[in-house]
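A.B. asks: Using the supplied hints, reconstruct the complex from the two chains, each of which is provided in its own coordinate frame.
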Amino acid sequence: MSSRSGAEVRDALMRGLPVSWGFNPKERRVVLKLPRAFGGEEHILCIAGHYTFVARPPGGLFMPRLLVKDFLKRGACAIKQVFARSTS
Amino acid sequence: MSRNLLPFDVTALDVTVAEGVTLKWQNREIDSGPLNITLGAPGSSGVIDYDTGKVQVEFRARLTAPAFDEVLDILEDLGEERPSIGGFDTIIRSTGSVFGDDHSLRLEGKGEITEHRLFDPADTCINILAPSH
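These protein sequence lines map, in sequence, to chains A and B. The first sequence begins at 1 in our numbering and counts up by one. The second sequence begins at 1001 in our numbering and counts up by one.
No wet-lab data here; the hints were simulated from the structure. The model shown is predicted, which means the values in this text are computed figures rather than measured ones. If a hint is listed, it holds; no wrong ones were tucked in.
No more than 35 Å apart at the CA atoms, straight line, and that leaves these computed lysine-lysine pairs for DSBU-like:
{"#": "1", "chain 1": "A", "residue 1": "Lys80", "chain 2": "B", "residue 2": "Lys1054"}
{"#": "2", "chain 1": "A", "residue 1": "Lys33", "chain 2": "B", "residue 2": "Lys1054"}
{"#": "3", "chain 1": "B", "residue 1": "Lys1054", "chain 2": "A", "residue 2": "Lys73"}
{"#": "4", "chain 1": "A", "residue 1": "Lys80", "chain 2": "B", "residue 2": "Lys1110"}
{"#": "5", "chain 1": "A", "residue 1": "Lys73", "chain 2": "A", "residue 2": "Lys33"}
{"#": "6", "chain 1": "A", "residue 1": "Lys26", "chain 2": "B", "residue 2": "Lys1024"}
{"#": "7", "chain 1": "A", "residue 1": "Lys26", "chain 2": "B", "residue 2": "Lys1054"}
{"#": "8", "chain 1": "A", "residue 1": "Lys26", "chain 2": "B", "residue 2": "Lys1110"}
{"#": "9", "chain 1": "B", "residue 1": "Lys1024", "chain 2": "A", "residue 2": "Lys33"}
Excised from the complex, chain B in its bound form (with noise of 0.2 Å):
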């Protein structure tokens, strides 16, 4: 039986949270400013299934902020191991609609960040909400 989807590559991911977080860290605060989000890993994929109306995508994003290197910086001050890697690998798993009338999708999903030596990544919790329209 022959089914309307339609498998595709994310081939792009360019996104800011321009108001940034406080980072509290070893007594100290520090502002992270942008958070940029942008395709980490290879392998970002999905699937639009246009019988059912619903798309399913898997971003394999990194997550970057100034304030990263800021943290890396003290760390290597303190004497660690500089981790090669600046940032947070995640993987956001969405789900959501598709809309025929101008084919925008209403994703949500969770994101999940992959091991990491400052923190426990069970600890954390990175939610995307569906768009209120």
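Excised from the complex, chain A in its bound form (with noise of 0.2 Å):
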């Protein structure tokens, strides 16, 4: 969305500033197929706006979901780990 590098934009998430991207407002970017309520028809569509994110300060209290699932993910493959080498 910027002309910005990648090491610029990352500098500035993890500064917490806003960063935003955008569509190609051009691109067929959504499948979108309707309940049959509403006629069951697919339509593929171009959208056009932007996103943005805010990085969490660092040590925040509210941890997303997404990271607990991968963080309980790591620490199972963990455990497995260590019972492999303890039963071998």
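C.D. replies: Here you go:
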């Protein structure tokens, strides 16, 4: 969305600044199948606009669900490895 | 072990589908007009993993269109109770890659419409395709 380099964008995110990305309005990116109650037709549509991310401050109390899932998955892998070592 | 994870909140989502769609409902054809997708319920967030170059994000979005109000007006005329919220709440779960040269994101995902009295959400499909480049 901007002419900044990847490192500059990452740095801005790390500093807690809002960073936005846009959609190419000419590209068909959304497949929408309507419910039968509304005809059930399928459409492939272009979308225009943007979305913005702001990094969470480090040490924040709230851990996003996706991060918790990743943390638990890695924890489970580590436990499996310990068990594998102790039984081999 | 420290990892290069960057948790973030989604603070804005402002998307328009200008062409809209035709809704066939109660033997009528209703032009939806432009569809708007904005942030809905709180909690849109995600995480960038710079070690793997992957991003995961959950958008809690609301889908609105001029025609939805028309549908609600018709419902009201039919003596039905008008829902308090116009539009449809949806959760879009996206994953993709982060490209280092310009930090562009190649997101794709699926949207899931939350419970709605007008139709079965399982009967609806929203797929977000990855950008071509």
